[in-house]
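**Student:** Let's have the full structure, built from the sequences with the hints guiding it.
Under the UniProt record's numbering, the first residue of the sequence shown is numbered 1, with each subsequent residue one higher.
No lab work stands behind these hints, which were simulated from the structure alone. Check before you lean on any hint, since a few could be wrong.
Simulated restraints on C-beta separations [claimed, not checked]:
1) Asp-531 x Tyr-424: 17 to 23 Å
2) Glu-274 x Arg-203: 26 to 32 Å
3) Ser-109 x Asp-149: 22 to 28 Å
4) Asn-110 x Gly-236: 43 to 49 Å
5) Ser-109 x Asp-233: 39 to 45 Å
6) Pro-413 x His-329: 50 to 56 Å
7) Thr-80 x Gly-261: 30 to 36 Å
8) Glu-458 x Tyr-424: 23 to 29 Å
9) Pro-83 x Gly-261: 30 to 36 Å
10) Gly-554 x Gly-403: 24 to 30 Å
The beta carbon of each residue, even a glycine, is placed where N, CA and C say it ideally should be.
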Amino acid sequence: MIPQDRFRGLFHKYLIALFLAVAIPLAFNGVTEAWFGYRDQRARLDQWLGVQSASAAAEIHDFIHGITSQLGWLVQLPWTDEPDERRRTDALRLLRQAPAIASLTLLDSNGLERLYISRIGLNRIESRTNRSADPALVGAKADQVWFSDVSYYRGSEPYITVAIVGNRPAVGAVVAEVNLKLIWDVISAIKVGKTGFAFVLDRSGRLIAHPDISLVLRGAEEATSGPFRAMRDAIGPKAGFATSQDAQGQYVAASAAPVQGPDWTVVVAQPLSEAYAPIYGALWRTAAFLAISTMLAGILAYALADRMTEPIKLLEEGTERIGAGSFDHRISIHTGDELQRLANSFNKMAAELALAQQHQERIAKLKRFLAPQVADLVDRAGDDSLLDGRRTEVVVVFCDLRGFTAFSAGASPEDVMNVLSEYYEDLGRVIAKFEATLINFSGDGLMVLVNAPVPVDEPALRAIDLAVDMQKKVQALIAGWRSLGYHVGFGIGLASGPATVGRIGYKDRLDYTAIGSVVNLAARLCASAADKEILVDAKVAADVKGKRPVEDLGDRAIKGFDKAIPVFGISFDAL
Numbered sequence: 001m002i003p004q005d006r007f008r009g010l011f012h013k014y015l016i017a018l019f020l021a022v023a024i025p026l027a028f029n030g031v032t033e034a035w036f037g038y039r040d041q042r043a044r045l046d047q048w049l050g051v052q053s054a055s056a057a058a059e060i061h062d063f064i065h066g067i068t069s070q071l072g073w074l075v076q077l078p079w080t081d082e083p084d085e086r087r088r089t090d091a092l093r094l095l096r097q098a099p100a101i102a103s104l105t106l107l108d109s110n111g112l113e114r115l116y117i118s119r120i121g122l123n124r125i126e127s128r129t130n131r132s133a134d135p136a137l138v139g140a141k142a143d144q145v146w147f148s149d150v151s152y153y154r155g156s157e158p159y160i161t162v163a164i165v166g167n168r169p170a171v172g173a174v175v176a177e178v179n180l181k182l183i184w185d186v187i188s189a190i191k192v193g194k195t196g197f198a199f200v201l202d203r204s205g206r207l208i209a210h211p212d213i214s215l216v217l218r219g220a221e222e223a224t225s226g227p228f229r230a231m232r233d234a235i236g237p238k239a240g241f242a243t244s245q246d247a248q249g250q251y252v253a254a255s256a257a258p259v260q261g262p263d264w265t266v267v268v269a270q271p272l273s274e275a276y277a278p279i280y281g282a283l284w285r286t287a288a289f290l291a292i293s294t295m296l297a298g299i300l301a302y303a304l305a306d307r308m309t310e311p312i313k314l315l316e317e318g319t320e321r322i323g324a325g326s327f328d329h330r331i332s333i334h335t336g337d338e339l340q341r342l343a344n345s346f347n348k349m350a351a352e353l354a355l356a357q358q359h360q361e362r363i364a365k366l367k368r369f370l371a372p373q374v375a376d377l378v379d380r381a382g383d384d385s386l387l388d389g390r391r392t393e394v395v396v397v398f399c400d401l402r403g404f405t406a407f408s409a410g411a412s413p414e415d416v417m418n419v420l421s422e423y424y425e426d427l428g429r430v431i432a433k434f435e436a437t438l439i440n441f442s443g444d445g446l447m448v449l450v451n452a453p454v455p456v457d458e459p460a461l462r463a464i465d466l467a468v469d470m471q472k473k474v475q476a477l478i479a480g481w482r483s484l485g486y487h488v489g490f491g492i493g494l495a496s497g498p499a500t501v502g503r504i505g506y507k508d509r510l511d512y513t514a515i516g517s518v519v520n521l522a523a524r525l526c527a528s529a530a531d532k533e534i535l536v537d538a539k540v541a542a543d544v545k546g547k548r549p550v551e552d553l554g555d556r557a558i559k560g561f562d563k564a565i566p567v568f569g570i571s572f573d574a575l
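**Tutor:** If you want it as structure tokens, here you go:
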């Protein structure tokens, strides 16, 4: 029986695995959705704040442009030496139409003051004060329209000086002092979400417009303008919005746009809590969904793990019994699902293991008394009768090294074994390549059988190709050996004819071999072959005639045969 603690461990493993299989994808999906939602919201926020800041900058520009356009009407006509009442009337009318203009100064072509009208000071007519060196006039002559830095009247209200020259020198110039406090109407009308706001800074970073007019009146103070300037600097020249803190220390998302002309910057800001409210809501919904899904996943994992416990216990017990060698053991599970199919597969596996065990025992028994290659052949054929004695046509191949006896007598044992190792390694690959049967080998000689125990197509042709490949491989080795001073050669003999093939030996050791005159003939041909020679009998030569180049070497007296027999040669260099 399986200990109870192991049963609980299995249950816990499946419980955790099933739970994580559901919880991890849910968590990954939730995190992914939250991340992409956050990125999308940032992109929308960036686009929206960019549009808001550009729109606000356009409105401020329109405000300034409206004033400069009205000032331009005062520099249309050339000056004369006489006082011009009409210009005074036009100037007074402009003050009524543009409340932001605090004072007007009209200069003639020589830079002399011809008219000064102010809302808060005394008017001057034809004072003819020389204002040609005034920075406003100098700047206007250079750029046609000139804007001064923002100054604060009595340290509170922001003002800017605007100077415009006409298209012709004779029409002179106009210089106006503009009260920027009136931009408050424009800034206050800009809505950025529910609690967002917009403000304007000049080029030096001083606050000149804000929905809270009290801050504007203190704009010259560093304590007032500092947080707004820090917000502008956080945005910098980069594209997109930036996160910063406002004067109250609240984090905001801010975007900026320049105002052409006076070189101001309009900044729109929205509290992050409001800007990210949609993504915060989505995150809370995702968290709630994950929490509920995780609870359901836990309940489902517990139920499935509990249902799987008993069948898995049976499978575990069955595995232990199979491991102990009880291949006749079977598992009975009737759950009507994958576990039942698993049990059926287990039973099928047990049956196959039983057959495999029988097969391995049979192969092990064969390899105790058969050469390994013959045993593998019997295993593939699946029938021992393939090795029974019978009479059949075979091609016998003998080969050995020339001069090997003299070499082995004079060489060290290590050199002899190294030569044989390389020799048999290459010949073994060739024999395996042509699926021939290695009958035996002794010293430097080999006997190979073609067409037995398994018949093949055109055995003579296959045997010739086998012999040629053997010569090529061994001659390549001989070239290297001779560079080391080893003087050996290699010859091969082939003969085809009927032979008796089958198992011979005794109880504990059996070999597969061939018996007959064809074997003796192949051995004698091999003994007669010189280095690089392949000698074949007439039967092999006739079978490969027209398919491989065969040379008639005439009749030769062969030891063991009463009369000379025809011998043929195969040149491996010609193939």
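**Student:** Run every hint past the structure and note whether it holds.
**Tutor:** For each hint, the structure was consulted:
Checked against the given bound of 17 to 23 Å, the beta carbons of Asp-531 and Tyr-424, roughly 19 Å apart, stay inside it. About 30 Å separates the C-beta atoms of Glu-274 and Arg-203, a value consistent with the hinted range of 26 to 32 Å. At roughly 27 Å, the beta-carbon separation of Ser-109 and Asp-149 lies within the given 22 to 28 Å, and the hint holds. In this structure, Asn-110 and Gly-236 meet the distance hint of 43 to 49 Å, their C-beta atoms being roughly 45 Å apart.
Evaluation of the 39 to 45 Å hint for Ser-109 and Asp-233 yields a pass: the beta carbon distance comes to about 43 Å. Look at Pro-413 against His-329: about 55 Å separates their beta carbons, and that is inside 50 to 56 Å. Distance hint check for Thr-80 and Gly-261: the Cβ-Cβ separation is about 32 Å, which falls inside the suggested range of 30 to 36 Å. Taken as a hint, the range 23 to 29 Å holds for the pair Glu-458 and Tyr-424, whose Cβ atoms sit roughly 27 Å apart.
For Pro-83 and Gly-261, the hinted distance range of 30 to 36 Å is satisfied, since their beta carbons lie about 33 Å from each other. Taking 24 to 30 Å as the suggested C-beta distance range, the pair Gly-554 and Gly-403 conforms, at roughly 25 Å.
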